[in-house]
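Read top to bottom, the protein sequences are chains A and B.
When we follow my numbering, the leftmost residue of the first sequence carries the number 110, and every step to the right adds one.
When we follow my numbering, the leftmost residue of the second sequence carries the number 137, and every step to the right adds one.
Source of the hints: derived by calculation from the structure; they are not laboratory data.
A few of these clues could be false.
To be verified - Below, in silico cross-link-like pairs of lysine to aspartate or glutamate (EDC-like), each with a Cα-Cα straight-line distance of 20 angstroms or less:
| # | chain 1 | residue 1 | chain 2 | residue 2 |
| --- | --- | --- | --- | --- |
| 1 | A | 228 | B | 491 |
| 2 | B | 535 | B | 491 |
| 3 | A | 228 | B | 182 |
| 4 | B | 614 | B | 181 |
| 5 | B | 478 | B | 291 |
| 6 | B | 176 | A | 221 |
| 7 | A | 187 | A | 165 |
| 8 | B | 186 | A | 152 |
| 9 | A | 228 | B | 291 |
| 10 | A | 289 | A | 152 |
| 11 | B | 186 | A | 165 |
| 12 | B | 186 | A | 221 |
| 13 | A | 187 | A | 175 |
| 14 | B | 186 | A | 217 |
To be verified - So the derived label-pair ranges between C-beta atoms look like this:
| # | chain 1 | residue 1 | chain 2 | residue 2 | range |
| --- | --- | --- | --- | --- | --- |
| 15 | B | 577 | A | 422 | 48 to 56 angstroms |
| 16 | A | 255 | B | 185 | 20 to 28 angstroms |
| 17 | A | 224 | B | 526 | 52 to 60 angstroms |
| 18 | B | 216 | A | 241 | 35 to 43 angstroms |
| 19 | A | 244 | B | 594 | 54 to 62 angstroms |
| 20 | A | 410 | B | 174 | 54 to 62 angstroms |
| 21 | B | 185 | A | 188 | 24 to 32 angstroms |
| 22 | A | 241 | B | 562 | 38 to 46 angstroms |
| 23 | B | 171 | A | 144 | 47 to 55 angstroms |
| 24 | A | 369 | B | 172 | 40 to 48 angstroms |
Where is the CB? At the ideal position from N, CA and C, for every residue including glycine.
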Amino acid sequence: MLGRTANGLFWMFRYLERAENTARLLETGLRMALTRDVQTAREEWRSVIATSGYKELYEAENDGYDGMSAWNFILRDKSNPASIREMFGAVRTNARLARTNISSDIWEAVNENWMALDKMLARPVSQGSVGDVVHTIRRAGMRIHGALDGSMLRSDAYHFARAGTFMERADSTARILDMKYYLLLPSLSYVGSSLDSGQWEQILRSVAGARAYSWLNAGQIDARGIVEFLVLDDRFPRSLAFCRGALRDNLAALARLHGQEGASNELMRAADMHITDITIDQIFEQGLHEFLVDFMNRNAAIGEAIAQDYRFLA
Amino acid sequence: MVGKSGNFDEMYDADGNIRPAYADYCGWFDEQDNASLRRKDAEADESFRKTGITFNVYGDDEAEERLIPFDMVPRVITAPEWRKLTRGIEQRVRALNSFLYDLYHRQEIIRAGRVPERLFRQNEAWLPNMVGFTPPGGIYTHIVGIDLVRTGPDDFFVLEDNARTPSGVSYMLENRETMMSMFPDLFSRVHVETVSNYPRRLARSLAACAPPAFASSGRSKPTVAVLTPGIYNSAYYEHAFLADQMGAELVEGSDLRVVNGLVQMRTTSGYRPIDVLYRRVDDDYLDPLTFEPSSVLGVPGIMDVYRAGGITIANAPGTGICDDKAIYSFMPEIVEFYTGEKPLLPNVETWRCADSDSLAYVLDNLDELVVKEVHGSGGYGMLIGPTASKKEIREFRKKLEATPENYIAQPTLSLSTCPIFTKKGLAPRHVDLRPFVLVSPQGIDITPGGLTRVALKEGSLVVNSSQGGGTKDTWVLKD
Numbered sequence: 110m111l112g113r114t115a116n117g118l119f120w121m122f123r124y125l126e127r128a129e130n131t132a133r134l135l136e137t138g139l140r141m142a143l144t145r146d147v148q149t150a151r152e153e154w155r156s157v158i159a160t161s162g163y164k165e166l167y168e169a170e171n172d173g174y175d176g177m178s179a180w181n182f183i184l185r186d187k188s189n190p191a192s193i194r195e196m197f198g199a200v201r202t203n204a205r206l207a208r209t210n211i212s213s214d215i216w217e218a219v220n221e222n223w224m225a226l227d228k229m230l231a232r233p234v235s236q237g238s239v240g241d242v243v244h245t246i247r248r249a250g251m252r253i254h255g256a257l258d259g260s261m262l263r264s265d266a267y268h269f270a271r272a273g274t275f276m277e278r279a280d281s282t283a284r285i286l287d288m289k290y291y292l293l294l295p296s297l298s299y300v301g302s303s304l305d306s307g308q309w310e311q312i313l314r315s316v317a318g319a320r321a322y323s324w325l326n327a328g329q330i331d332a333r334g335i336v337e338f339l340v341l342d343d344r345f346p347r348s349l350a351f352c353r354g355a356l357r358d359n360l361a362a363l364a365r366l367h368g369q370e371g372a373s374n375e376l377m378r379a380a381d382m383h384i385t386d387i388t389i390d391q392i393f394e395q396g397l398h399e400f401l402v403d404f405m406n407r408n409a410a411i412g413e414a415i416a417q418d419y420r421f422l423a
Numbered sequence: 137m138v139g140k141s142g143n144f145d146e147m148y149d150a151d152g153n154i155r156p157a158y159a160d161y162c163g164w165f166d167e168q169d170n171a172s173l174r175r176k177d178a179e180a181d182e183s184f185r186k187t188g189i190t191f192n193v194y195g196d197d198e199a200e201e202r203l204i205p206f207d208m209v210p211r212v213i214t215a216p217e218w219r220k221l222t223r224g225i226e227q228r229v230r231a232l233n234s235f236l237y238d239l240y241h242r243q244e245i246i247r248a249g250r251v252p253e254r255l256f257r258q259n260e261a262w263l264p265n266m267v268g269f270t271p272p273g274g275i276y277t278h279i280v281g282i283d284l285v286r287t288g289p290d291d292f293f294v295l296e297d298n299a300r301t302p303s304g305v306s307y308m309l310e311n312r313e314t315m316m317s318m319f320p321d322l323f324s325r326v327h328v329e330t331v332s333n334y335p336r337r338l339a340r341s342l343a344a345c346a347p348p349a350f351a352s353s354g355r356s357k358p359t360v361a362v363l364t365p366g367i368y369n370s371a372y373y374e375h376a377f378l379a380d381q382m383g384a385e386l387v388e389g390s391d392l393r394v395v396n397g398l399v400q401m402r403t404t405s406g407y408r409p410i411d412v413l414y415r416r417v418d419d420d421y422l423d424p425l426t427f428e429p430s431s432v433l434g435v436p437g438i439m440d441v442y443r444a445g446g447i448t449i450a451n452a453p454g455t456g457i458c459d460d461k462a463i464y465s466f467m468p469e470i471v472e473f474y475t476g477e478k479p480l481l482p483n484v485e486t487w488r489c490a491d492s493d494s495l496a497y498v499l500d501n502l503d504e505l506v507v508k509e510v511h512g513s514g515g516y517g518m519l520i521g522p523t524a525s526k527k528e529i530r531e532f533r534k535k536l537e538a539t540p541e542n543y544i545a546q547p548t549l550s551l552s553t554c555p556i557f558t559k560k561g562l563a564p565r566h567v568d569l570r571p572f573v574l575v576s577p578q579g580i581d582i583t584p585g586g587l588t589r590v591a592l593k594e595g596s597l598v599v600n601s602s603q604g605g606g607t608k609d610t611w612v613l614k615d
């Protein structure tokens with residue numbers, strides 16, 4: 110397939126994942142705002158905006174952190190290059206670009222949902238309908254992934270799409286953890302009293318892991334357990350270990366299909382060792398923040414190597 | 137329901153009886169209830185939107201992507217009518233191809249004094265550097281759309297030849313798909329020739345035009361690619377659709393490069409040669425080294441590869457000259473010169489304003505004529521005398537007097553009508569027809585039917601999608 114098309118597929122699924130993750134963050138924020146006092150809710154919106162990476166932009170345009178401003182900024186603000194509307198638009202643009210390499214089921218899933226979102230986001234979103242928007246995005250994600258799973262040939266196109274998904278997902282989980290790492294420092298958690306279990310639960314919710322975590326840990330919530338779950342548990346499909354493993358498999362399949370390995374496979378092997386040989390104690394010893402930054406840097410380097418290996422750009 | 141007196145209605149005769157071509161369809165139609173038809177109509181719109189079969193209108197920010205309206209009443213052609221049309225189209229396309237070959241070689245037709253030399257010398261689509269070059273297989277017009285209009289039971293005329301890059305074939309295909317999914321029972325009752333194998337026929341026809349370099353390459357199957365200007369082009373949907381259906385790569389200029397004397401595309405495993413390029417990019421943008429230097433849509437050096445027999449470009453550069461309406465006016469002579477036969481499909485009577493006698497006549501009768509720019513297309517820059525205001529005629533007269541050679545004029549034809557489905561029931565509207573013709577060394581292949589364009593406004597004669605026209609599924613009945 111064409112390098113440009115592979116690039117389109119890879120980014121189509123990165124943007125889709127990014128839109129889904131942003132929607133989930135937003136959903137968690139909404140829940141928090143409903144169940145907490147005003148001050149905590151404000152803090153929560155601040156953290157949601159910060160995680161999106163456009164805090165300065167938001168603050169330049171808004172007076173403070175209230176829900177209405179926050180979710181409209183995240184969903185549809187024209188000045189926000191990472192708004193859900195922009196991201197879903199990028200999903201569709203990349204899908205058009207890669208149209209000859211995706212099944213019509215996938216294309217129609219993208220196009221129909223884009224049409225629905227475009228309509229929903231044409232005007233400011235009220236409190237009553239923000240939930241609908243979030244659900245539409247999540248349903249869109251499920252339908253597109255379902256169409257990919259059920260209708261795509263397992264050729265290189267499929268593996269470029271999956272590589273985009275797992276690269277973005279790993280990045281997102283790492284970013285969310287890093288934004289909250291101060292809450293998870295052992296020193297604090299061991300002291301215990303100042304801990305807010307709601308904050309923790311919220312981290313798990315924003316990666317759709319609350320149910321899975323409590324199922325595995327019988328309701329015991331502690332910093333060590335959460336970090337271990339989100340970083341090292343390769344049964345959880347949004348953990349760093351799981352995403353790395355999946356990305357490794359996709360890159361191995363791409364190398365096999367192309368008859369040769371490239372720099373991306375080499376970087377992948379090193380990154381893989383970095384996460385499989387480490388224990389939770391070592392992570393805390395090294396510093397969670399340092400560990401996550403290193404993880405994200407390796408991720409970015411693998412992404413660049415994929416673009417090089419497979420001639421994404423002229 | 138009956139066509140306005142004065143024009144030929146394809147469904148009803150002058151007494152309001154259903155013509156045989158539509159008998160089966162109308163039998164089915166009468167059994168449908170109006171409410172469910174209206175619902176289907178709305179569904180069709182929704183389904184086109186979901187498929188994304190849209191076109192972009194330049195300079196129209198509000199509706200970045202628009203749908204071409206679809207009407208669910210088919211346009212029906214009988215088997216004998218189609219056979220007759222086929223013969224006429226084949227003859228014309230063969231003549232077009234011979235004419236192009238001749239123009240770029242010995243120019244016998246000019247030596248014989250049948251067409252004037254100025255005709256092509258002044259034409260921007262004329263490519264002097266293609267003189268003496270023979271494209272692979274001697275084929276210039278790989279894909280042609282011949283626009284036909286009808287005025288009576290046996291009266292079909294050619295209105296335009298589209299030899300440059302005829303578009304609209306994706307609508308022919310999607311219209312049929314939509315009709316079949318909306319009304320499956322209809323297709324079990326009326327037997328209609330299939331159109332859905334067009335992409336396969338196109339792929340086969342293009343592959344049969346592989347260049348000399350392919351034969352010595354040792355590869356077993358020629359690689360076909362579709363060259364698009366990109367996702368912002370108004371016909372991008374069609375480019376992607378055709379590439380997808382043919383199993384060909386959809387490439388942009390930035391994907392291509394001349395490597396080892398061949399045009400190659402940048403794949404994920406390196407550069408791979410292309411044998412046949414179905415380009416949807418105009419000549420001017422094809423090669424910045426030969427034509428428009430600022431173009432980023434093309435491939436630097438592709439023309440050298442082409443001349444050396446390294447690639448087939450479809451349609452051949454320089455073919456666009458046949459879309460010129462001044463050349464059109466000579467088509468009867470051209471057909472006769474190359475085929476030795478009278479044209480089976482007549483032209484619409486045409487006055488060339490470059491001739492002073494004709495100009496005088498046209499100026500005297502502006503309110504009755506249709507005047508067109510010789511290089512124009514898409515229904516732009518033309519005057520429809522009978523519906524134009526006095527002011528419009530006055531202004532057009534000035535333009536015409538200033539540069540008469542830029543214009544031709546035709547009588548306002550009383551185009552045939554075919555009913556469309558409206559809220560108030562069936563209502564006649566004017567239609568034309570663009571059959572799609574494939575040409576390769578193996579022969580001329582015409583997909584039965586084509587794209588029927590319909591003027592949706594009552595009484596309007598303009599069927600162009602850029603000006604509010606719609607489309608219909610076109611049926612050629614099986615014998």
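Tested hints:
1. 228/A x 491/B: At roughly 56 angstroms apart (the allowed maximum being 20 angstroms), residue 491/B and residue 228/A break the hint.
2. 535/B x 491/B: holds, 16 angstroms
3. 228/A x 182/B: Holds - the C-alpha atoms of residue 182/B and residue 228/A are around 14 angstroms apart, at most 20 angstroms.
4. 614/B x 181/B: violated, 28 angstroms
5. 478/B x 291/B: holds, 16 angstroms
6. 176/B x 221/A: holds, 19 angstroms
7. 187/A x 165/A: holds, 15 angstroms
8. 186/B x 152/A: Since the Cα atoms of residue 186/B and residue 152/A sit roughly 41 angstroms apart, the hinted pair is violated (cutoff 20 angstroms).
9. 228/A x 291/B: violated, 48 angstroms
10. 289/A x 152/A: holds, 12 angstroms
11. 186/B x 165/A: violated, 37 angstroms
12. 186/B x 221/A: holds, 5 angstroms
13. 187/A x 175/A: holds, 18 angstroms
14. 186/B x 217/A: OK: residue 186/B and residue 217/A at ~6 angstroms, within 20 angstroms.
15. 577/B x 422/A: 48 to 56 angstroms: Violated: the Cβ-Cβ distance is about 38 angstroms, outside 48 to 56 angstroms.
16. 255/A x 185/B: 20 to 28 angstroms: Because 21 angstroms falls inside the window, the suggested range holds.
17. 224/A x 526/B: 52 to 60 angstroms: violated, 45 angstroms
18. 216/B x 241/A: 35 to 43 angstroms: Given a distance of about 57 angstroms, which is not inside 35 to 43 angstroms, the answer is violated.
19. 244/A x 594/B: 54 to 62 angstroms: violated, 45 angstroms
20. 410/A x 174/B: 54 to 62 angstroms: holds, 58 angstroms
21. 185/B x 188/A: 24 to 32 angstroms: Between residue 185/B and residue 188/A, where Cβ atoms are some 29 angstroms apart, the hint holds.
22. 241/A x 562/B: 38 to 46 angstroms: holds, 41 angstroms
23. 171/B x 144/A: 47 to 55 angstroms: holds, 49 angstroms
24. 369/A x 172/B: 40 to 48 angstroms: violated, 58 angstroms
Consistency note: the structure conflicts with the earlier hints numbered 1, 4, 8, 9, 11, 15, 17, 18, 19 and 24.
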